[in-house]
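Could you build all of it, start to finish, from the sequences and the hints given here?
Chains A and B, in that order, are what the protein sequence lines are.
Read in order, the letters of the first sequence correspond to residues 1 to 268 in our numbering.
Read in order, the letters of the second sequence correspond to residues 1 to 348 in our numbering.
Worth flagging that the hints you see were computed from the coordinates, not collected in a lab.
Treat the hints loosely; a few may be bogus.
Claimed, not checked - Reference listing, derived: stretches of chain A covered by chain B, where coverage requires no fewer than 3 residues with Cβ under 8 Å from a Cβ of chain B: (1) 109-122; (2) 127-135; (3) 193-202.
Said to hold, decoys possible - To list a few chain B residues with every Cβ distance to chain A over 12 Å, as calculated: (4) Ala-115; (5) Asn-133; (6) Phe-151; (7) Asp-217; (8) Ala-271; (9) Arg-275; (10) Leu-338.
What the hints assert, rightly or not - Quick list of in silico lysine to any residue cross-link-like pairs, SDA-like style, CA-CA up to 25 Å: (11) Lys-195/A - Thr-232/A; (12) Lys-144/A - Ala-76/B; (13) Lys-36/A - Leu-71/A; (14) Lys-144/A - Ala-79/B; (15) Lys-144/A - Leu-179/A; (16) Lys-195/A - Asn-68/B; (17) Lys-144/A - Val-314/B; (18) Lys-144/A - Ile-183/A; (19) Lys-144/A - Ser-93/B; (20) Lys-144/A - Asp-100/B; (21) Lys-144/A - Trp-74/B; (22) Lys-144/A - Asp-316/B; (23) Lys-195/A - Ile-29/B; (24) Lys-195/A - Leu-59/B; (25) Lys-144/A - Gly-318/B; (26) Lys-144/A - Asp-315/B; (27) Lys-144/A - Val-317/B; (28) Lys-144/A - Ala-121/A; (29) Lys-36/A - Gly-199/A; (30) Lys-167/B - Phe-276/B; (31) Lys-144/A - Thr-88/B; (32) Lys-195/A - Gly-26/B; (33) Lys-195/A - Ala-76/B; (34) Lys-195/A - Asp-3/B; (35) Lys-167/B - Ile-157/B.
Every residue gets a Cβ at the ideal spot worked out from N, C-alpha and C, and that includes glycine.
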Amino acid sequence: MSVAVQTENPVIEVSHVSTRFGPAIVHQDVSLIVRKGEVFAIAGGNGCGKSTLLREIVGLLTPTAGRISLLGADSRDLQETDGGSLYRRFGVMFQHGALFSSMTLAENVAVPLREHTSLSARLIRDIVALKIALVGLPPDSGVKFPRELSGGMRRRAALARAIVMDPELLFLDEPTAGLDPMIAAGFDDLVLNLKRLLGLTVVMVTHDLDSLWRIADRVVVLGEGHVLGMGTMEQLAAAEDPAVRNYFHGPRGRAVQLNHSGGESHRD
Amino acid sequence: MSDVGPAERALRVMDWPADGSLQFEGSGIHALDTGGAVVLSRAVRDAQRRGCDVTVEGLRSEHAQLMNLVSVHWDAMMAHVAARPKGTARLQSVIRNLLDRFLRGLGFIGESAMALLRVGSSPTHLRWRSALNSLRLDGVNALPITGLLTFLIGVVIAYQGAEQLRKFGTNIFIVDLVGISLLREIAPLIAAILIAGRSGSAYAAHIGTMKVTEELDALRTFGLSPTELLVLPRMLALIVALPLLTVYADVLGVFGGMLIAANQLNVSFTAFLARFEEAVALRHFLIGVGKAPFFAVIIALVGCYQGFQIRGGVDDVGRHTTMSVVQSIFLVIIFDALCSIILNWWNL
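Next comes the structure, spelled out in structure tokens:
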């Protein structure tokens with residue numbers, strides 16, 4: 001099971017985080033740990049604060065209470081200072097790609113390299129080409145603008161941009177939502193491959209039960225602001241908690257689970 | 001990643017042997033990322049192309065894997081590097097775009113005209129509620145800003161004129177200056193430019209957002225025509241509102257001029273109004289107000305057209321909103337200039 005996972009030095013440590021937007025309580029006392037080298041998934045129903053938690057981890061939002069440490073630094077510092085070199089150590093792929101619409105795909109992917117390094121134009125071009133090739137985009141796509149790409153291609157381009165700096169940590173916000181099953185499965189494989197090749201730790205927010213079974217080493221289920229359960233998919237599927245059971249044993253959950261029974265054979 | 005730069009430069013300026021066999025010793029590499037792997041792969045390949053027999057030794061297994069990853073994707077990478085739109089292709093696409101845009105513009109005008117005919121033949125088809133709402137938003141709500149601006153323009157013209165007229169002692173001609181220039185040209189133009197900025201842009205943004213969120217498609221699936229529903233009410237409302245705004249602008253502009261005339265040139269209100277009657281012919285007023293409905297059609301059509309042209313994402317909304325304002329002001333002024341030329345031929 002969970003491949004050579006180191007227990008010491010968690011990459012991300014979320015401790016006792018609470019979040020409130022006005023009267024609405026999003027999180028209450030959420031704690032979790034992400035270990036180096038694993039694929040960690042944040043699951044849960046619509047509006048349970050998955051994406052909010054992700055945004056808090058990468059420092060785009062500040063939790064009302066609690067502490068989040070990201071790669072050994074307090075993620076609140078990301079907003080206050082410029083985050084220094086921390087920004088080079090993680091990449092974020094947003095749900096709808098968030099590609100800069102005024103730039104071509106290749107220029108989009110090159111942004112972090114141009115801003116954070118002093119590499120030669122030729123080397124930047126080569127590295128960008130490699131990353132675009134890695135995510136499996138066709139050769140003519142680099143000169144296209146985001147609006148000329150399909151949703152799946154935009155997602156791949158956003159992934160290429162997120163990994164262009166060779167980050168240690170990759171955040172994916174709903175990477176497979178809205179993609180057809182074939183492309184979604186392809187995306188899962190792509191993430192696994194990149195994780196293996198580049199030694200990434202992956203944190204992803206997802207609804208996709210298929211993805212959860214196929215690529216997640218550990219999963220946390222959020223609901224009503226709390227952590228409902230945390231563990232491997234097998235552990236969660238066997239959990240007693242009714243809310244967790246509901247999530248994984250709805251009609252869709254059962255079908256997926258059947259497909260993945262003895263699901264380890266699907267992994268590499 | 002940032003440490004790769006010096007390594008790349010060093011490898012590039014190095015004196016490479018022309019041929020023979022070359023061995024890269026990799027055991028001294030402590031850390032290698034994809035950037036480094038690209039640099040190393042390029043050096044290896046450059047040497048191979050020169051005819052060297054290249055081997056890379058002593059890499060750590062994870063570094064060898066990374067090198068392998070780069071070499072597996074090398075061809076795809078080079079294809080990406082080579083992919084660049086050709087000059088002629090770019091020119092072709094520019095021309096095709098221009099032609100396409102021109103045809104779509106014509107198509108839109110035709111579509112609006114057809115919708116207008118349909119509504120004209122059965123006025124119950126017009127969305128009265130939406131037209132009246134538009135009349136309030138684009139007409140009534142624009143009163144304060146239009147009034148203030150033309151009042152100030154009247155003041156400015158009178159001030160500038162006063163300087164010159166006082167020199168010749170022809171103070172009373174301030175009435176001709178303010179009256180004719182405002183009624184005939186400036187008030188209609190100011191009103192039209194304000195409405196283009198206020199309402200034309202709002203049309204583009206509103207229709208564009210509806211297009212992005214697929215609301216327009218939803219309307220079409222109900223068998224409703226977006227042109228009839230969204231364009232016509234706005235256009236008709238503006239055709240009514242803009243001439244009225246122009247009259248209102250005329251009054252406030254002349255009032256502004258009148259104040260300055262009394263203040264700077266000792267032309268009393270009664271003297272001003274008496275002179276106004278004889279100096280400013282009715283045709284100046286009619287020409288000014290008569291242009292307003294045409295301005296209205298231009299502004300409404302351009303604003304709505306730009307809204308419909310928005311494709312893809314939200315990012316397009318801003319661009320087309322700007323374009324709607326620029327184009328409608330451009331066309332309004334062109335139309336105004338044409339009017340001046342034609343009316344001059346007719347000695348009006």
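Outcome of the hint check:
1. Note: the segment 109-122 of chain A has 6 residues with beta-carbon separation from chain B under 8 Å; the three-residue rule is met and the coverage holds.
2. Counting residues of the segment 127-135 of chain A whose beta carbon lies closer than 8 Å to any beta carbon of chain B gives 8, which reaches the threshold of three, so the coverage claim holds.
3. Given as covered by chain B, the segment 193-202 of chain A passes the check, having 3 residues with a CB less than 8 Å from a CB of that chain where 3 are the minimum.
4. Non-interface call for Ala-115/B relative to chain A: holds, since the shortest CB-CB distance, roughly 29 Å, exceeds 12 Å.
5. Distance check for Asn-133/B against chain A: the nearest CB is about 32 Å away, which clears 12 Å, and the non-interface claim stands.
6. No Cβ of chain A comes within 12 Å of the Cβ of Phe-151/B; the nearest lies about 41 Å off, and the non-interface call holds.
7. Non-interface call for Asp-217/B relative to chain A: holds, since the shortest CB-CB distance, roughly 17 Å, exceeds 12 Å.
8. Ala-271/B, annotated as away from the interface, keeps every beta carbon of chain A farther than 12 Å; the closest lies near 59 Å.
9. No Cβ of chain A approaches the Cβ of Arg-275/B within 12 Å, the least distance being about 56 Å, so the stated non-interface status holds.
10. The claim that Leu-338/B lies off the interface holds: its Cβ sits roughly 36 Å from the closest Cβ of chain A, which is beyond the 12 Å cut-off.
11. Our distance criterion of 25 Å between C-alpha atoms is met by Lys-195/A and Thr-232/A, whose separation comes to about 18 Å.
12. For the suggested pair Lys-144/A and Ala-76/B, the alpha carbons sit about 17 Å apart, so the restraint of at most 25 Å is met.
13. Only pairs whose Cα atoms come within 25 Å are accepted, and Lys-36/A paired with Leu-71/A is accepted, the gap being roughly 10 Å.
14. For the given pair, Lys-144/A sits about 14 Å from Ala-79/B by alpha-carbon distance, which is consistent with the 25 Å threshold.
15. Taken as a hint, the Lys-144/A and Leu-179/A pair is honoured in the structure, with Cα atoms around 20 Å apart against an allowance of 25 Å.
16. For a cut-off of 25 Å, the pair hint linking Lys-195/A to Asn-68/B stands: about 16 Å separates their Cα positions.
17. For the given pair, Lys-144/A sits about 18 Å from Val-314/B by alpha-carbon distance, which is consistent with the 25 Å threshold.
18. In summary, the hint linking Lys-144/A to Ile-183/A is supported, as the alpha carbons are separated by about 20 Å, within the 25 Å threshold.
19. In summary, the hint linking Lys-144/A to Ser-93/B is supported, as the alpha carbons are separated by about 13 Å, within the 25 Å threshold.
20. Restraint check for Lys-144/A and Asp-100/B: satisfied, since their Cα atoms lie roughly 20 Å apart, inside the 25 Å limit.
21. Annotation: proposed proximity of Lys-144/A to Trp-74/B holds, straight-line Cα distance about 21 Å (limit 25 Å).
22. Taking the CA atoms of Lys-144/A and Asp-316/B, the gap is near 16 Å; set against the 25 Å cutoff, the hint holds.
23. As the CA atoms of Lys-195/A and Ile-29/B are separated by approximately 22 Å, the hinted pair is consistent with the 25 Å bound.
24. This hinted pair checks out: Lys-195/A and Leu-59/B have alpha carbons roughly 21 Å apart, not beyond 25 Å.
25. Between Lys-144/A and Gly-318/B the CA atoms are separated by roughly 20 Å; this keeps the pair inside 25 Å, and the hint holds.
26. Note on Lys-144/A and Asp-315/B: the hinted pairing holds, with a Cα-Cα distance of about 15 Å set against a maximum of 25 Å.
27. With a C-alpha separation of about 19 Å, the suggested pair Lys-144/A and Val-317/B falls inside the 25 Å cut-off, and the hint holds.
28. Of the pairs offered as hints, the one joining Lys-144/A and Ala-121/A holds, with about 19 Å between alpha carbons and a cut-off of 25 Å not exceeded.
29. Between Lys-36/A and Gly-199/A the alpha-carbon distance is near 9 Å, which keeps this suggested pair within the 25 Å criterion.
30. Distance restraint check for Lys-167/B and Phe-276/B: the Cα-Cα separation of roughly 21 Å lies within the 25 Å cut-off, and the hinted pair is therefore satisfied.
31. Using a Cα cut-off of 25 Å, the hinted pair Lys-144/A and Thr-88/B holds, with the two alpha carbons roughly 17 Å apart.
32. For the proposed pair Lys-195/A and Gly-26/B, the alpha carbon gap of about 24 Å is at most 25 Å, so the pair holds.
33. In summary, the hint linking Lys-195/A to Ala-76/B is supported, as the alpha carbons are separated by about 20 Å, within the 25 Å threshold.
34. Pair hint Lys-195/A plus Asp-3/B holds up; C-alpha atoms about 23 Å apart against a cutoff of 25 Å.
35. Simply put, Lys-167/B and Ile-157/B have alpha-carbon atoms about 16 Å apart, close enough for the 25 Å limit, and the pair holds.
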